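**Q** Using the hints, position chain F against chain X.
One letter stands for each residue in the lines below.
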Amino acid sequence: MSDLEEFRAEVRAWLEDNCPEEMRQPLASDAEHVWGGRRWQFSSEAQRVWFERMVAKGWTAPAWPVEYGGGGMSAGEHDVFKAEMKRINARSPVSNFGFWMLGPALLKFGSEEQKREHLPEIARGEIRWCQGYSEPNAGSDLASLKTSAEIDGDHFVVNGRKIWTSYADRADKMFCLVRTDPDAKKQAGISFILLDMDTPGVSTRPIQLISGESPFCETFFDDVRVPRANLVGEMNQGWTIAKYLLTHERDNIGGEPPGLLKGRDLAQMALQAVGADDQGRLDDPMLRSDIARLEIDAMAFRALVEQTRAKAEAGEGVGARSAMLKYYGTELNKRRYNLMMDAMGGLGLEWESEQTGGGRYAREWLRSKGNSIEGGTSEIMLGIISSAVLELPKG
Amino acid sequence: MILDEEQQMLADLSERLFADKASVDTLRAIRGGSHGADYDTDLWQAMVESGLTGILVPEAHGGMDFGLVSAGLVARETGRRLALTPFLSTAVLGAIAIGRAGNAEQQKQWLGPIAEGALIVALAVDESGKHRPERIAARATAKGDAFVLGGEKTLVLDGPNADLFVVSALHDGKPALFAVDAADAGVTAEAVTSVDTRSMANVRFDNASAQRLDAEDDALDDVLNAGRAMLAMELVGLSRAVFERTLAYLSERKQFGMRIGAFQALQHRAAHLSVEIEISEAMAFQALAAFDAGVADASQQILAAKARAADTARLAAAEGVQMHGGMGMTDEFDIGFFMKRARLASELLGDANFCAERFARARGY
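Residue numbers (this note's numbering), protein chains in the order written: chain X, 1 to 395; chain F, 1001 to 1365.
Chain X with its partners taken away, still in its complex shape (with noise of 0.2 Å):
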C-alpha cells in the first residue's frame, strides 16, 4: 500500500469512528454554520463534539503546519482528505474569515511571532475573525480607501469608517486595511492591520438587507489604538496582501451554491413544484428549456473549476482565472436561483410562513443577488480579464 493510500484508511477509520452521524448532512440552513470564536454557543452537542474532536487532531485547518496549530498535511494528503470528508458528506467543524482568509495571508506575510500568536487560536476556532476592507466611498474602488492610521509611540491610532464588514457584530477581531502615507500613490499608502473588536473606540452597526437579513456591518473607529506590533507585512504595502486574499475569497464566492440549493437538484425540486406530464417531463417546456440550459452551464462550469485545479496542481500558472471563475460562478447562482423562484410559483412568494423556514426561498433568492457584487463586482472582474488575460488595450 502507498503511503497515500495508508494514510486514507487511517482518515476514513478515524472519521468513521468520530463524525457525528447528525454531522454527515448538509447544513439545513446557515444557522447551522460553526463559525466559532470567543462568544460561540453550539447549537447541538454534536456540533461540540465534532468542533472539540477535530480541534485535538489539528484538521480544523488541515495544511497548515503543525507548529502552528494544524495538521501537517501535505498537497497530496490534504486532497485525500477532503475527498474523505466528502465521502461521509462531514460538514466542516468550524470556519470563519481566520481559516479562509488571513490564515493564507499570515503564512505568506506574516512574522513568526504573528504566527505562533494567531494561526493556532484561528485553528483551535476560539478566535472569530473579520475583514475591514470596503468602505463608504471605497467599493470597487478599493484602494481609494480612507480609514487612517497614524502613528503614536507604539501605537497606531485608527479613525474611519468601514462597510460590508460580515458579521464584525459577531466577531472578535478584524485584519483591516487602512491608510498609513496619505501622500502616496493611492495603492502605495496602504497598510494591513489586525485589530480586537473589544479595542475602545470600535463600534459596529448591522445593515439590514433585501433578503431581510442582516450579515453585514458597518464599522466605526474613533481614535482606536492598535499596537504597531499587529502590521503584517511591510508598512505601506498592505495592497499587495488585499490583492493576494482577494484571489482567495474570489475562489470561495465561486465555487458551490450555498445555502438552500447547495446539494440540491434544481430539477427535482421543479419536478416536485411544477409536476411532469405523461411521458415525466416536467410540466413546463419553457421552464424545462431554462432548467437544462443551467445545468449544462453548471456542468461546464464545473468542468472548468476541475480543469484548473488540477493545472494548478501540476503547478502550471493559472494567472487570472480566479477572475473568470468568480464572474461565471456568481452569474451561474444568480441564474439559479432565478430559476428555483419561477418553479416554486406561490411558495417563493412567502415571506413569513412555518412551510418556507420563514421565506427562505425569497431570502435566499434575494440574497444571492450580492454574489456577484460582493468580493469585486462582475464589472470589475471582467475589467481584470480585460487587462489581465486579453491585454486589451488602456483607456
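By construction, these hints were calculated from the structure, which means they are not laboratory data. All figures in this text were calculated on a predicted structure; none of them were measured in a lab. A couple of the hints might just be wrong.
Below, a list of computed lysine to any residue pairs in the SDA-like style, where the Cα atoms sit at most 20 Å apart [unchecked claim]:
#	chain 1	residue 1	chain 2	residue 2
1	X	K334	X	R302
2	X	K311	F	D1004
3	X	K394	F	D1004
4	X	K394	F	L1247
5	X	K394	F	M1258
6	X	K394	F	G1257
7	X	K394	F	L1266
8	X	K394	F	A1029
9	F	K1254	X	K334
10	X	K394	F	E1252
11	X	K311	F	A1318
**A** Same frame as chain X, but now just chain F:
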C-alpha cells in the same frame, strides 16, 4: 482534465501540420472551383501521411488506436483553420461505426483502407432538415445473405466523395446500421454545396445492395455521440480562432482617436466571450475523456458539450462580425467564413436545442 504527454505531442503535431498545410486560401480556391476537388486534397494527403486518418482505427488494422480526446485535438484544428477534409465523416464517424458495429470481416475490409486514406466514408442518418436520428423511413430487406436498402437521406457530409455509405434503416421495424457501396447502381448522390463550402449530398437508395453492421445495439448512439463530441471540439477551435482575430482587430483599429479595444463596452463583451470559450473547451475535453473512459454519464456530458460549444461559437462569430464593423461584412475578410462554419457545425448531428432537450430527458425531467 489536462492532456497527458502523448496527447500533448499529438496536439503539437496537429497544430504544426494544420498551420503548415491548411489555409483559408484553399477554402477560397475550393469555393471558386479552382482547387480541382471539393475538399482540401493536399491537407488530406498530409493527414494520411501523419497517420491522422487512422487515429481511431485499432493497431491491428494499421491505425493508432487513440481515443476521442486525441481525435478531438485534430478536430479542434480543423475548426480553427476552417479546413475542408473528410476527417469527421471518415476518420471519426466511419471508423467508429465500422469499429463498433462491423464484424471481423467488415472491419478487415474497411478499417485498413480508412487508416491508409484509401476509403472515404459518409454517414447517412438524417431524412429531414433537422437532426432526428430516430425518425427513420428507410428500409432494408433481407435478400439471401445480404440486404437491399431503399430510402432517402439528407445532410450527408462528404457524400459526393464517399466510397462507402453507413446508413441507418429499419429492418423488421427496428433501426440498424448498414454499409452500402457508393458505386452500387442503386445509389444516387446529388451534391449540395453548403453555406460553408463543405461538400454535402442528398442520397437516394433504390434497391441498393447493403451489408448489415450489427455487432452492438447501441452502436448508432456511440457513433452519433462521437460525432457530436468532435463537432464540439471543432466549434471550440473555431471560437478560439475567430476570437483571436477579433482581439487583434480590437487592438489595432482606431476610432475617436483611440484603439477601440480600450472601450469598456467592447472590453466587457470580449471578456465575457473569453470566459464562455474557456468553459466550453473545458466541458468538451471532459466529455471526450468521459467517453474514452466509458463513464456512465458520458453521453450527457457530450450533449452538454455540443450544446454549449455551438452557442459559444455562434456568439464568437456574431461578436467577431459585429466588432469588425463593416469589414466583418465583407467577403474579403475571413471572419464571415467562421460564422458560416459555426452555423453548419452547430446544426450537424443535433443543434443546441436538440442537445439540451436530450440532456434534460437523460437527466429525468
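**Q** The structure should be examined with respect to each hint, and the outcome stated for every one.
**A** Hints and how they fare:
1. Taking the CA atoms of K334 (chain X) and R302 (chain X), the gap is near 16 Å; set against the 20 Å cutoff, the hint holds.
2. For the hint linking K311 (chain X) to D1004 (chain F), the alpha-carbon distance of about 12 Å falls within 20 Å, and the restraint holds.
3. As the CA atoms of K394 (chain X) and D1004 (chain F) are separated by approximately 38 Å, the hinted pair breaks the 20 Å bound.
4. The hinted pair formed by K394 (chain X) and L1247 (chain F) meets the criterion: a straight-line CA distance of about 14 Å does not exceed 20 Å.
5. Among the hinted pairs, K394 (chain X) with M1258 (chain F) is consistent with the structure: their alpha-carbon atoms are about 10 Å apart, no more than 20 Å.
6. A threshold of 20 Å between alpha carbons decides the hint, and for K394 (chain X) with G1257 (chain F) the separation of about 13 Å falls inside it, so the pair holds.
7. Between K394 (chain X) and L1266 (chain F) the CA atoms are separated by roughly 12 Å; this keeps the pair inside 20 Å, and the hint holds.
8. This hinted pair does not check out: K394 (chain X) and A1029 (chain F) have alpha carbons roughly 40 Å apart, beyond 20 Å.
9. Between K1254 (chain F) and K334 (chain X), the direct Cα distance comes to roughly 37 Å. Violation of the 20 Å bound is thereby established for this hinted pair.
10. Only pairs whose Cα atoms come within 20 Å are accepted, and K394 (chain X) paired with E1252 (chain F) is accepted, the gap being roughly 13 Å.
11. Between K311 (chain X) and A1318 (chain F), the direct Cα distance comes to roughly 31 Å. Violation of the 20 Å bound is thereby established for this hinted pair.
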